[in-house]
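Last residue of the first sequence: 768 (the numbering used here), numbering continuous.
Check the hints yourself; a few may be wrong.
[As the list claims (entries may be wrong)] Calculated cross-link-like contacts (lysine-lysine; reagent style DSSO-like; alpha-carbon spacing at most 27 Å): (1) K558 <-> K714; (2) K571 <-> K599; (3) K626 <-> K599; (4) K691 <-> K679; (5) K669 <-> K655; (6) K691 <-> K725; (7) K606 <-> K655; (8) K669 <-> K691; (9) K558 <-> K611; (10) K669 <-> K742; (11) K684 <-> K725; (12) K611 <-> K679; (13) K728 <-> K742; (14) K728 <-> K559; (15) K714 <-> K725; (16) K742 <-> K574; (17) K559 <-> K679; (18) K599 <-> K714; (19) K537 <-> K652; (20) K742 <-> K559; (21) K734 <-> K714; (22) K679 <-> K652; (23) K684 <-> K655; (24) K691 <-> K574; (25) K734 <-> K558; (26) K679 <-> K714; (27) K559 <-> K574; (28) K626 <-> K541; (29) K599 <-> K652; (30) K714 <-> K574; (31) K626 <-> K574; (32) K541 <-> K606; (33) K652 <-> K669; (34) K655 <-> K679; (35) K684 <-> K669; (36) K669 <-> K714; (37) K652 <-> K626; (38) K599 <-> K655; (39) K691 <-> K714.
Hints listed in this document are in silico derivations from the structure and should not be mistaken for laboratory results.
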Amino acid sequence: MEVLDVGLFNLRHTFESGQPITFHGEYDQALDRLHYVSNGGLIEIVSGGGRRLEVSGKNARKEVEVRFRLSDNMRHIYKKISTDSFISASIKNYKGMRLTVNDPWETTVCFITSQFNNVKRIRLIIKNMVNKFGSPVYDRNGRIAGKTFPEPDAIRRATFSELMACGTGFRAKYIKSAADYCTNNLDLYKLNPGNYDNLKEEIVKIDGVGDKVADCIILMGYGNLEAFPIDVWIKRTMENLYFGGKVQKMEEIHKLAEENWGKYRGYANQYLFHSARTNKIVTYDAIRQ
DNA sequence: ACCCAGGCGGGCG
DNA sequence: CGCCCGCATGGG
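Required output: the full structure, derived from the provided sequences and hints.
Below you can see the structure in the form of structure tokens.
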């Protein structure tokens, strides 16, 4: 076990904000404790809700630092994205919520699964796939403590009906073709995380991955904060807040995001999304005092 | 019973 | 281009 000193970190808000690692990780609210399986094995995090973070597992310190973006200067980021009272309120409500950095392949499957779906059911489907196709990871006593996220090859070898049995529904064909494509045509691990345009260009070539899902992959799979995924929540909220309730083209919303929040717009996106999804009430009046 | 959910591809005008 | 439709499925 190691202790990390972290500023502005909130495990619960991060877990509840619907990101890949939280789709199959297990969170205990009473203990403020998260455990999950990463590449290296089993990781456990216990947070008292404060600045002290206990982590354990193989290479746990490095894993957690990268996964939860602990080197981000949240005060600086908050300052840059606090452009109106809605975002300020969101930051106040969910202070310490972090974006996470996840395996690009895992992120791809998670967000293909997310289309026309809800967070609760995404969790169910992802957990089903992990249980069915992942490799077991053992604890000290030799008991199965969890499973890895399935490699593309494990998905490739799965039958269509096995995938359907996980609850993937009409997305099964996309998940399967993504596994093929990412094995034969595109090495996700060779893409440059810092080159947004190139990432977007390559990732949307995956069948079943459009503009929104690609932005999710770039944001949470590559950690590139220039990505600004526009889902139903973001679209509705931003139209209400910033466009007087008028329906906008995606292009206009992307443009405003860049103007307002610049290179930190990915963070603004996550705070807007989580606030919109949890509070549900979004009105134009919210930013007019 | 009905409606919705972190969209997408395809078909049409 | 823009618009519209179907899509599997569990939970509210």
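Find the hints from earlier in the document that the structure breaks and name them by number, from lowest to highest. Hints 9, 11, 12, 19, 31, 36 are the ones this structure does not satisfy, whereas the remaining hints hold.
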